[in-house]
Amino acid sequence: MLVKIQSLLLIVILICAVGCENRYHDEQFKIHVQQLDSDLENRWSTNGVVVISVEPNGPAARAQLEEGELISYVVGEYSLGSEGNYGRAAKKSMHEDNNLILRFTDGRIVRLAVRRSGDKPGLKVDGNVVNEVKGGSPAANANIQVGDSIDAVIDERKIRTIDDYKEAIEEFTKHGSKITFRTTELAGVRIAAVEALGELGDARAVDPLMDIVEQSGDLSLRKPAIRSLARLVDFSQSSTHSTERFNALREKIADGRVLALAQMYVKRAVEADQEIRRTCIGILGVLKPQSAIGVLTAVMEDSGEVPGIRFQAGLGLSQIGADAVDSLIAAFERGDANVKNIAASALGNIGGIRSRDVLIDALDSLEDLTIRLTIVDALAKIGDAPAIQALQNQKVRFQDESSLNTFLNEVLGQLEARSM
Amino acid sequence: MNRCLRGSIISICLAVFLVSCGSHNEYLSKGKELIKSERRRKEERAVAQFKLAIQQEPSNAEAHYLLGFYDSQEFYNAKSSSENWEEYWEKASTENRGKHMFLAYQQEQNKYLEILVFETLRRNEPGVQNAALNALKRIYKQGDRDKLLKSLKKAIKSKDNRDRHDAHWVLAEIGKDAPGTIVPLLVELLDHKRKETRLNAVKALGEIRDENAIPELVKIVNSGSAKRAKDRESPEVRQLAVEALGKIGGAAVKELVEIAENKGSSLRVDAIQALATLGDERAVNPLLNALGEQGSREVEIKF
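For the record, the sequence lines run as chains A and B.
Note that the numbering used here numbers the first sequence so that position 337 is 337, with each residue one more than the last.
Here the numbering used here = 1-based position in the second sequence + 1000.
Isolated chain A (complex conformation) (with noise of 0.2 Å):
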C-alpha cells in the first residue's frame, strides 16, 4: 500500500516536473525549443518560441533552421485542390485573429481583415472556386470576383507559449498542410553588439564592422558600424596603452583598409548617408594621411555637399596640417565664396608663412565682406607680426566699414591682451 502511495506521489511530481518544463523537444521536426523570456513581449514586441537546438538531417535541419532563431509565427496552408474543403479551413484559419489569408492560384495573396469574431468576410466558395461575393464586404473591398479560384486557405498562428507551439505543429501536420516558421530578429541585439565592440578596442572587430558598412543594406547597422570603427581608429591613436591587445590593433589599423574605406565612403556618390560620410571625415582626420587630401578638397569644394560637412572636411585638412596647404591655397583660389570661406578658415588654422600670404594679398583684393571677416579671423591666428600688421593696415583702409571695423577692434584688442 505504501509502495503504491510512493510511486503515485512520484508520478504526481514527474508531471508536475514535466508540466512546468519550459523546454520541448519536437521529436518530429527534430528540434529542441524554448518559452522565451516573458518580458521580450513588452519590451522589444516580440512573441516566440527559441530553436535551443537543431538535431542533425532531420526536416529542421534540411530547411536550414538554426539555433537561436526565434520562432514568432508558424504558419499553415489548408490546400483546397477541386474537393474543397472552404468552410472549415477559413474557420481555422480566422479562428485566433480574425483574418482570413486566402492564396489565388494566380499567386495573390489575400488578407481580409474582419471586425468581430464571427463577422463573414463576404464570399462563397464552391470546391475551390469563389461563387458570390457580397457587395460592401471585405472580400469586395478586396476585388475579389465570381470565378477567382482559390488555391490554398493559410492559417497564420502567432506563438507565444511552448503550448501554442505544440498545437499548432499538431493541428498543421494533421491535416499535412504545408508548414513555414516566421522567425524574428531581436531587434537591437546586433546594434548592441556593433556599438560593443567600438569599446572593447579589439583588432578582431575590425573586419566584421567594415564589412557591415560595405555589405550591410541596414542603415541602422551601418551607422553603428561606422562610427565603431572611428572609435578603434582613435584608440589605436591614443598613446596611453601598450598591451599586446592594442598593439594589435594599432597594426590593424595602419594596415591601410579602414583609411581606404573612408576615403571611398566620405564620397556623395557612393554612400547617401550623410552621418556616414560625416563619420568617414572624422577617421581620416584622426588618421591624417596625405592620401586623404585629394578627397577632402574635393568635398570641401563639392556644392552639393552639406555645408557642415564641407566645413568638417576642411577642419579635416587642418589636421593634416602643412601637406594640405598647396591643396588649400589651390581651392582657395579656384573656388567661390563658400570654398574661399572654408579654405581660409583651414589655412588659419595650419599657419605658416605661405598660407598667411596668402591670405594677406586676398584681404587686399577681395570684395566679399564675409570671405573677409573669415580672413581677419584666420590672421588674428596665425597672429605674428606681418599677419598683425596686415590687420592694422586693414584698419586704417576700412574705417567706414562698420562690421568689419568692429570685429578687426575685437580681433586687435585681443592679439594685444594675449601678447601682454
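I should point out that these hints are in silico values taken from the structure, not numbers from a laboratory.
Below, a list of computed lysine-lysine pairs in the DSS-like style, where the Cα atoms sit at most 25 Å apart: (1) B/K1227 / A/K158; (2) A/K166 / B/K1302; (3) B/K1193 / B/K1227; (4) A/K166 / B/K1230; (5) B/K1230 / B/K1157; (6) A/K158 / B/K1302.
Let chain A serve as the given structure and place chain B on it in line with the hints.
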C-alpha cells in the same frame, strides 16, 4: 515640494525630539533653543553650545548626537574669526561627526540605533548622511552587530521608499568591508515579497561587487523564461541584476557572455552593454557571433 515637505517633517520631528528630551545641561538647552530659533548662524552657534555641553558632561548622549548632526566644516575656514579654525575644521570631519553619533549610541543603544537608521539617514544633506553612515559602520565593528543588521533589514523591508533606499546604501557600504556577512543577508532578501525590497537588495549586491553574489543574480536574470508566472522575477529587477553583474565584472563576465548569447533572453542588449563597459576580451567572440545572426525570415519545413 516633496523635499520641502520632507524637510519640514524632519524639522518637526527633531523639534519634538529636542523638546521631549528634558536636560539639565544648560549648554545643551541653550543649543537646542538656538536650533529652534530663527536666529542668524543658529546652527553654528548651537554647535559651540553642544561642545560646551560635552565639556561639562562628557557622557551626555544627546549633546554628542546633536554635535555630530549639526557640526559642519562649512562653519570653519581661514576667513573665520577663530584662530584655531584648522583644528575646528578637522573636528567637523565626517569621521569625527560619526564618532560623536557613535558615542551617543554607546550611551543609549536602542534609542540612537533607531534614530540613526530611520531619522538621521533621511536628512537630505550628504554631510549628515555620511556622518550617520560612519556611526553605523562603527556600530557594525564595535557595537551590537545583530541589532544593527536587524534594524537595517527592517528598513530595507519597509513600505517607505526612503528607508529602503537608505538601508540599501548602508548595507552596500558596510558590505564592501564585510561581504561575508552582508552578501548572504542580501541574498536572503532576494525572495522577499516586496519587489522594491528585492530591487534594493540587487542594487546593493552590485555595489558591493562581491563575486559570491553572481550565482544568485544569474538565477534572477534567467527566471524570465520560467514557465510559471510566479517563478519569474519582474523585468526591472532582472534588468538591475544584469547591471549588478556588470558592476561586479571579473567572474561575472562569463555569465554576462552567456546572457548575451541566450537568444531567448530579453536582457541580451543589457548584457552586451554591460560587457561594452567592462572591456573584457572574452566578450569579443560572442559579440562577433551576434553580428552574424540571422535576421527575420521564413523557413519552410518539409516533412
